[in-house]
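Undergrad: For reference, the chains in residue letters:
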Amino acid sequence: MARKFRVLASVLALSVSLSALAACSSKGGDASSSPSGTASPSAGASEAKDTITALLPPVSANYQNNFEQMAKDFNALYPNLTLKIEPASWEDMTQKLDTQVNAGSPPDIAFIGSDGISKYVQQGMLMDITDVATPDMINDFDKAPLEYMKKGDGLYGFPAYMEIHALGGNKQFLEEAGIDWKNVQKNGWTYEEFREAIKKGVVKEGDKTKRYGFVFANAGVTSKDYLNILIKNAGMPSAFTQDLKYAYTSKNYLEVLKAVRQLIDDGSMPKELSSVDAGKRWNMFLTGQTMITGKGLATFENSANKNNEKLKANDGSAVEGSIPVEYIVLPVPSFLGQPPVSSPAVDGYVTFRGKKEPTPEHKANVVKAAYFLASGKVAATTNNELFVAHITKSGREAAKSMTVNRNPDNVAAVEVLLSHAAPARPDIPVELGAKAIKLEDEVIIPKFQALLANEITPEDMYEAVKNAAIKEFGQDGVVQD
Amino acid sequence: MALYKQHSGNKLVKYVRNTAIAAALLVFAVATLFPIYFMIMSSFGDPVEAGAVSYSLWPKKISFDSYRFFFDYSPHSFKWLLNSLIVAASVMVTNVVFASLAGYAFSKIRFKGRNVLFSVLLCAMMIPYQVTQVPLYILVVNIFQIENTYSALILPGLVTVYNIFLAKQFMGSIPTEIIESAKVEGCNQLQIFTMVILPLSKTVLAVMAILTFMDNWNTFFWPFLVTNTMEMQTIQVGLKNFRFANTTYFAPMMAGATISALPMFVLFFSLQKYFLEGVTVGAVKG
Amino acid sequence: MARLSKGIKKRKIHEDGAWAYAFIAVALVVYAMFTAYPVVSAFLISFEEYKPLGSTFVGFENYANTFGDALFWKAIRNTIVYTALTVPVALAISFAVAILILPFKKWLQTAFKAVYYLPAVASGVALSVVWLWIFDPLPSGILNRMIDLFGIENQNWLGSSATSMFSLVLMSWLSSHGTSIIIYLAALLGIDNSYYEAAELDGASFLQKLWHIVIPFLKPTTLFLLVTGVIGSFQVFQNAYLMTGGGPDNATTMVGLLIFNNAFKYFEFGEAAAQSLILALIIAVISYFQFKFLGNDVEY
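Order-wise, the sequence lines are chains A, B and C. This note's numbering numbers the first residue of the first sequence as 9 and each following residue consecutively. This note's numbering numbers the first residue of the second sequence as 71 and each following residue consecutively. This note's numbering numbers the first residue of the third sequence as 3 and each following residue consecutively.
If you are wondering where the hints come from, they were derived from the structure by calculation, not from laboratory data. Keep in mind that the hints are not guaranteed to be accurate.
[Stated by the list, open to error] Some, not all, of what chain A presents toward chain C, calculated at C-beta under 10 Å:
id : residue
1  : Asn-226
2  : Asp-233
3  : Lys-385
4  : Leu-459
5  : Leu-460
6  : Ile-464
7  : Pro-466
8  : Gly-485
9  : Val-486
[Said to hold, decoys possible] Calculated lysine-lysine pairs in the DSS-like style (CA-CA distance at most 30 Å, straight line):
id : chain 1 : residue 1 : chain 2 : residue 2
10 : A       : Lys-218   : A       : Lys-207
11 : C       : Lys-53    : A       : Lys-232
12 : A       : Lys-363   : C       : Lys-76
13 : A       : Lys-158   : C       : Lys-267
14 : A       : Lys-158   : A       : Lys-253
15 : C       : Lys-267   : A       : Lys-253
16 : C       : Lys-267   : B       : Lys-182
17 : A       : Lys-80    : A       : Lys-179
18 : A       : Lys-158   : A       : Lys-218
19 : C       : Lys-107   : A       : Lys-266
20 : C       : Lys-53    : A       : Lys-479
21 : A       : Lys-80    : A       : Lys-57
22 : A       : Lys-179   : A       : Lys-212
23 : C       : Lys-221   : B       : Lys-81
24 : B       : Lys-272   : C       : Lys-76
25 : A       : Lys-279   : A       : Lys-266
Values in this document were obtained by computation on a predicted structure and should not be read as measured data. Note that beta-carbon positions come from the ideal geometry of N, C-alpha and C, so glycine has one too.
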């Protein structure tokens with residue numbers, strides 16, 4: 009009896025200590041292998057079978073429906089390679105990807121925004137494809153978006169598109185308010201012009217505002233978008249200047265904050281701005297509660313057209329209370345005489361590596377898959393659905409046979425914006441970039457939300473940002489003007 | 071039930087009192103139910119994007135399009151429900167068996183290290199999942215290499231400390247005399263467990279079964295992490311895939327949420343008869 | 003004779019002990035693998051600067067950083083406030099509802115149980131979308147329309163520091179208490195009628211019966227719900243994440259959200275692990291006191 013007791017007790021102790029042992033060993037050890045298959049020995053390797061895994065969100069409306077076709081087409085192109093695509097939603101994608109990266113076994117390819125590259129480079133989990141991508145592949149891409157996929161000396165994937173974040177206007181309301189939007193599309197507008205213009209767009213019914221001049225989604229983390237889009241046009245196209253000083257301590261920053269407050273206090277923007285989310289701002293646009301909405305992506309033109317069709321069909325499926333709307337692409341106003349700089353968002357197929365160093369053959373195969381997804385027919389279909397410009401020669405070729413129904417004025421407006429898009433900054437070291445991100449999350453966004461809710465003044469926020477920046481980067485690491 | 075005065079003489083007072091209570095309960099119920107009501111009503115709407123959704127209390131048009139959309143969206147929609155069912159049912163059974171065993175041991179058997187062990191078990195519950203996810207993921211995917219299988223979905227939840235704790239608290243109220251008298255009659259612990267404890271614990275076991283099933287059915291993040299093909303996903307993961315691009319297909323998501331809530335009801339009603347009898351009652355007198 | 007029976011007793015205890023270990027064996031193995039191992043890993047990681055390709059040992063640096071981080075302490079304060087406002091109220095509500103359901107006939111009891119249980123079953127994500135609409139800040143939002151009836155101006159529920167925490171708390175109060183209600187009901191039904199009858203013979207009123215019989219009898223259940231409630235509430239982050247993102251000005255940033263950000267957004271997994279362990283320590287201390295006050299098992 010006593011022996012049984014002792015045996016069981018030692019089994020218990022053993023299992024608990026085994027788990028502790030496993031905890032120590034697994035981190036240093038090489039127990040994990042990258043999820044994709046490893047290529048067979050080097051001789052004749054290009055013919056060896058290989059699997060490439062890709063984690064892809066719903067980039068465009070039909071993107072996920074096409075997964076099977078894409079995998080088939082890829083296999084037809086390279087019979088020895090299998091493309092295994094795993095779908096995820098936008099919100100959860102980063103969590104899953106991050107867990108996998110932390111565990112040391114991410115997928116080979118993931119579709120993320122290029123601003124995420126800096127984060128993963130720091131961990132050393134990205135696969136540099138500079139030496140494996142063929143010159144043909146590289147030349148297929150437009151220079152500007154490709155730069156966004158670089159960091160330091162490395163190229164970490166291929167861009168899918170370069171989308172411009174702008175504003176969207178209701179053509180009818182704009183014209184009623186006497187705004188020459190065609191001119192604005194061509195030549196932009198200053199903040200003062202903008203402020204006056206949106207005042208004209210406000211329609212009141214007694215004490216209540218029936219229609220606002222301007223609405224921008226600011227709920228939760230989307231407040232980041234609003235602030236960034238404005239400061240780019242105020243002489244601060246990036247968080248760091250060319251000599252790597254933190255830019256947001258400049259006086260221009262304070263001016264922008266004041267402007268944000270002015271637009272709300274004028275009554276042109278709702279005072280509940282901090283809780284307006286993406287769905288709400290679009291709903292307000294469709295129901296005529298605002299003249300201009302933000303952020304405005306080119307694809308919204310498509311959504312607006314679809315709703316107009318539903319209204320015409322009168323089958324009750326259109327948004328309740330909506331009116332026919334013609335969507336007009338509008339640029340963000342520029343501040344203080346600074347040149348307009350539009351905010352691009354470059355998303356693309358980023359290449360990852362696991363704990364084990366990938367073989368050269370596998371690297372080449374992953375590059376083939378990434379290129380397949382980012383160019384040619386796949387890119388053309390996706391970009392057309394999103395109403396974005398094509399950034400590869402092969403994409404433009406493939407798109408020739410597809411029809412797109414876009415307002416030519418809008419197309420021209422986007423071209424103008426693309427021409428002065430903020431340039432990529434692969435020269436910013438990852439440590440600085442990470443500090444800037446943390447500052448943004450822990451100081452800037454919370455304070456900005458309070459500013460929108462009128463709980464602090466612009467001066468308060470500016471002081472807070474300045475102090476935090478000096479603490480983080482030192483007196484010499486920030487801009488002082 | 072004898073907590074309240076019976077008022078066997080004055081039926082009117084009893085009636086009034088009961089109605090007053092019912093009214094209070096109803097008001098509170100309405101407040102709690104409102105989001106559910108909205109969820110179900112929205113599921114009858116058109117499958118359009120959320121930005122385009124009009125929030126109304128009564129649907130403009132009732133259509134089952136969203137339900138059809140949900141099932142058409144992926145050939146795996148049924149498989150998702152099936153997967154959830156298999157995983158949740160397995161975990162429910164294993165938990166009821168092993169957690170009750172452990173709960174009994176901790177509450178009624180005096181053994182060496184009982185309190186220390188229990189405290190250790192409890193403390194592990196206090197670490198947030200964000201941090202335990204990564205090592206667990208390493209364990210399941212890298213070391214055991216069982217990703218994308220039912221094992222990966224079931225094993226980590228085989229027995230939870232929550233359930234052991236629950237069983238322990240409830241079994242603590244079983245009178246010790248019964249156990250002592252069984253021992254005197256020569257039963258060993260296993261016999262005591264199966265013949266004495268289990269019948270007296272039907273209530274807590276039913277509760278545990280429902281709670282475990284429900285919790286497992288609703289869980290999202292772990293299945294999301296360890297499955298990477300659509301056919302292995304559970305219903306909650308499949309539901310999340312309705313967030314498209316920058317919008318959400320609102321009505322189909324609500325339709326899916328309503329569908330996934332249905333099996334819970336079936337389970338609830340089939341197990342609820344165990345709630346209506348105080349099964350520990352009568353044990354003392356016997 | 004005495005020595006013999008003592009020997010038998012000792013053997014019985016050893017035998018019991020063996021049975022106990024057998025009973026908890028499966029639970030322990032599962033625990034060791036899937037719970038203990040990750041926790042031990044987290045503990046080790048908290049002393050490192052974690053990189054998947056190879057971590058570096060940094061000693062107590064992560065802990066020092068956390069203790070010096072003002073945001074961490076703000077988050078702790080927020081979390082404590084949130085817990086203090088939600089857990090006791092949730093317990094009180096479930097207790098009250100469970101008691102109130104008692105006098106009815108079986109079918110009505112079942113109906114009410116189903117009604118209260120239902121929201122627990124609905125997906126949390128779907129529900130948060132609904133709540134976002136309820137908290138819509140424009141005058142057309144549901145809650146705003148209701149307070150308009152009282153002549154109060156529309157509030158920016160989730161966007162202003164004054165109301166954001168309250169909104170999250172309100173959401174918790176009105177969410178499903180089905181689980182707790184069911185557990186309380188199950189425990190209530192275990193109280194033998196003879197106790198009530200004895201009390202009535204002594205002339206006890208409803209409240210006296212409640213105080214002297216029900217509440218003591220339900221102590222183990224209350225302890226369970228309190229401990230698990232606090233543990234759960236301290237780790238809460240989903241609502242804050244989905245509804246307010248932690249703002250405005252970090253008014254609703256919970257520790258769970260901070261840990262999440264550190265682990266996934268900034269990739270400072272070591273620091274996240276350190277924060278988790280500090281959080282766990284706080285919870286453990288609170289639980290210790292809960293056990294002390296409520297933990298004396300009532301033996302009948």
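Undergrad: Broken hints, numbered, in rising order?
TA: 2, 3, 7, 8, 9, 12, 16, 17, 18, 19, 23 and 24
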